[in-house]
Amino acid sequence: MWSYWSRRALGAVAVLLLVIAANFFLFRVMPGDAVSTIVDPRFSPEAKERLRELFGLDLPLYRQFLIYVRRMLTFDLGISFLSQRPVWEELKSRIPNTVALLGSALFLSSALGIWLGVKAARRRGGLTEKLVLVSGSVSFSFPSFFVQLVLLLFFAYTFPVFPLRGSVSIPLPEGAFARALDYLWHLLLPVGSLVLLGFGSWAIYVRNLMVKTLGEDFILLARARGLPEGRILWNHAFRSALPPVLTIFLLALPGIVSGAVITETVFSLHGVGKYLLDSIMGHDYPAAGAAFYILGLLTIVSNLAADAAYALADPRIRVGRRAQR
Amino acid sequence: MILKRAVLLFLVLVSVILNATVSTAFDVSAVRGPHIRDLYMVIYRDPDSQILALQKGELDVLGDVTRPSDIERLSSNQDVNLSISRGFHLFFMGFNLRKGPWNDKTLRQAASMAIPSIQIVRDIFSGYSEPVNTYLPPVSPYHETDVTTWEHDPRGARVLLEEEGWRWSPDGRLIPPGEESPLKGVKILSPTAQVAPTTAEISSRIANALKEIGIPVSVEPLDFSTMIRRLDLHDFDLFVMAWSLTRDPDSLFAFFHSSMDVTGGYNIQGLHDPLLDEVLEELRWAPDRQTAEGAARKAQQMLSEISPWIPVYSRYMVAAVRKGWDGVISTQATSADNIWTLLNMRSSDGSERPVFWCLSDEPRSLNPLSTGSAYDWQVLGLIYDGMIAVDPETLDDIPWLATKWEVETVSGEDGDHTRLTFHLRDRVKWHDGSPFTSKDVGKTLEFLRDNEIPRYFDNVRDILKVETPDDLTVIVTMKNVSFWHLHNIGGSPVFPAHLLEGVDEWETWQPAAEPHPSVKGLTSLVGTGPFVFREYRQGEYVHFVSNEDFWLIGGD
Chain A
0 MWSYWSRRAL GAVAVLLLVI AANFFLFRVM PGDAVSTIVD PRFSPEAKER LRELFGLDLP
60 LYRQFLIYVR RMLTFDLGIS FLSQRPVWEE LKSRIPNTVA LLGSALFLSS ALGIWLGVKA
120 ARRRGGLTEK LVLVSGSVSF SFPSFFVQLV LLLFFAYTFP VFPLRGSVSI PLPEGAFARA
180 LDYLWHLLLP VGSLVLLGFG SWAIYVRNLM VKTLGEDFIL LARARGLPEG RILWNHAFRS
240 ALPPVLTIFL LALPGIVSGA VITETVFSLH GVGKYLLDSI MGHDYPAAGA AFYILGLLTI
300 VSNLAADAAY ALADPRIRVG RRAQR
Chain B
0 MILKRAVLLF LVLVSVILNA TVSTAFDVSA VRGPHIRDLY MVIYRDPDSQ ILALQKGELD
60 VLGDVTRPSD IERLSSNQDV NLSISRGFHL FFMGFNLRKG PWNDKTLRQA ASMAIPSIQI
120 VRDIFSGYSE PVNTYLPPVS PYHETDVTTW EHDPRGARVL LEEEGWRWSP DGRLIPPGEE
180 SPLKGVKILS PTAQVAPTTA EISSRIANAL KEIGIPVSVE PLDFSTMIRR LDLHDFDLFV
240 MAWSLTRDPD SLFAFFHSSM DVTGGYNIQG LHDPLLDEVL EELRWAPDRQ TAEGAARKAQ
300 QMLSEISPWI PVYSRYMVAA VRKGWDGVIS TQATSADNIW TLLNMRSSDG SERPVFWCLS
360 DEPRSLNPLS TGSAYDWQVL GLIYDGMIAV DPETLDDIPW LATKWEVETV SGEDGDHTRL
420 TFHLRDRVKW HDGSPFTSKD VGKTLEFLRD NEIPRYFDNV RDILKVETPD DLTVIVTMKN
480 VSFWHLHNIG GSPVFPAHLL EGVDEWETWQ PAAEPHPSVK GLTSLVGTGP FVFREYRQGE
540 YVHFVSNEDF WLIGGD
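In the order they appear, the protein sequences are chains A and B.
Start counting the first sequence at 0; every next residue gets the next number (numbering that gives the first Met the number 0).
Start counting the second sequence at 0; every next residue gets the next number (numbering that gives the first Met the number 0).
I should point out that these hints are in silico values taken from the structure, not numbers from a laboratory.
A couple of the hints might just be wrong.
In the DMTMM-like style, the derived pairs of lysine to aspartate or glutamate whose C-alpha atoms are separated by at most 20 Å in a straight line are [what the hints assert, rightly or not]:
(1) K519/B x E534/B
(2) K47/A x D360/B
(3) K91/A x D360/B
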């Protein structure tokens, strides 16, 4: 077993190095750089050249690469070209909002979707299944900006229950508790919109898995043994269907940090998604590279976590365990 | 043709009359503010939520309303006043003059006649833009109307080409004089429809119009940075682009002088015309305004003949202000979302309520030394002042931190120099209470020049020396002679010398996050301007309070 995990760890390190190299070279093969996108006749070619020197873009590529690798390995994420602020500070100010928004949306939409999917599979042809199939397909197929703008129009303007923008009121309420409540109030509508848009795919996926699992012989045997239906459903059928669900869930975790550009724009939230997009569009190599590096790291960790979780969820796939006859 | 013009004029007039309800001429010297106490610049990124916030009363001022549907919607809202101004925007199509067929002037002139600018403006912008046929925005004081214009006339374009020996192949493509083969297909580089939908639509219409006279054109949509790279490398036939210009015409030098035809230079089309170069040099190094005006006029007339671009339209600037505020200022050159409005506005009911002003994206660094972001400068522009300001009505220079100035040409051992003498306003204070003196101006100019700070590089690189004979006089001698030195030096923001001295690395200076060294409650973002910076909550808002010591309040 230890050799398996050491091989997986080595593989993870190799992937990380590949991510670092790809982050560096992919941005450099894109046409232009942060300076070439400045189109302002008051900014002469000499002034642009001075800026290029300040950004270190005049150095030979191999030196830029070595500096970049050293920085990534020591978690010195550098200074953003666009803001001239440390990239880590930029990310640090955005990650809490993004994690709160997308983390809660992922947990809620997956929990709701799984619960509805299991319910739908349990009663084939019933009202629940029909509702899940229809609402799941509809919510999954609507463009997010449209749904979010409609929600904003209804619940923040026509019936102003929620705020139109941001994560805090202006001016800020007094007291920590009031501020926490204010923050939750601001997050409710964006999170709700993401749950509405996201639960459908979970529900349909889990429903399909469960339908297949509930038709297996071991479920028939469990029923023949007279086990309670709830236990058959959750302890036997759902546990058997759990590994692929866990895989999807764990691989969706890095997305919690990558942000949601449209949601952040519609609700004017200070998050990573818009920052990442602006960094790519503005050729802000340090900012975009750092964000992708962190995402790469999280993806690698999530993959390892998914491997470990399989073993917990399904003892049949534990490494090193001999097949029992 | 006349009918089309009349229809457009009607549309524009109607929109101006209907919407420009707060636009009135005003006397700058009568402004005595600010009268408001708290100002919040609130970040709303999505244009739809901006409109909802304004309608709901969560925003008081919303600038840069661009979508015709939004303008129509707001113009019927009883709680909102709209203002419309002409602005400094200019959209054009450029040719690559380095190669055929676009090195042929007749073809360029015929192409100009083929493009239906009026129709484009009417269809795409519902009249909220104006067609242009010159090389400076119409609102510029240097804009010249006495130029050769190429009115939309596809039939006339064909006649013009025919007169110069152009023919058409059986499939309708143009054949250049003296050649047998028709023109090969050419492409217009354009940003993609996802990034710039109206620009993509205009490119498509231009391509169709050029096809009508036999030029086989198609559109090549590109990512903006890829497009700029292709332009930098001169790898193109045609391109579309928009500039946001200033009141001064010296941009003509950057765009059309042959010395600017370098990689990354702004003479993208590669125009080399020795006669025009002479006029542009006269403009760039004009010793006084009169010479500058004459050179600007002549340059525009020559450019209209040469036709290195096809100017298409200039966008109107539209801003919306909720009713309940008096003293809102808008002019033919400035929509209501300007600093004069902030200096002059007050609540109609006399209450001291805060103003909520829309910021369409978040500031990047709030470092006045390095940032080039327009959102940063919306904030910084309320904190820092220059010695000279611009009259929003006439666009003339007006006294600001300097009460008066002299521009002279003096002779030295190494030739002539422009000498600028600024007489500073007395009893002006920085937000931290320190007196503003000539040392602040001197230190600022030297700091910007010695550190070769890119944003200010072109403004200050020609400074020969700065002298401060007393606390209220600054003499700046330039290495050469140019009337524009006055605007470059006088218009630059002035920073407090006592805080600049503590700046070790100007690139990463974060004055908004750095507590003031001696005054509690302030940051290092300290200026002489009408508003004092209080807080920037990232991604949410910027909070200011009015500067109670601002020199304009009760001043002369």
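### Message
Taking the earlier hints as the rules, which of them does this structure contradict?
### Response
2
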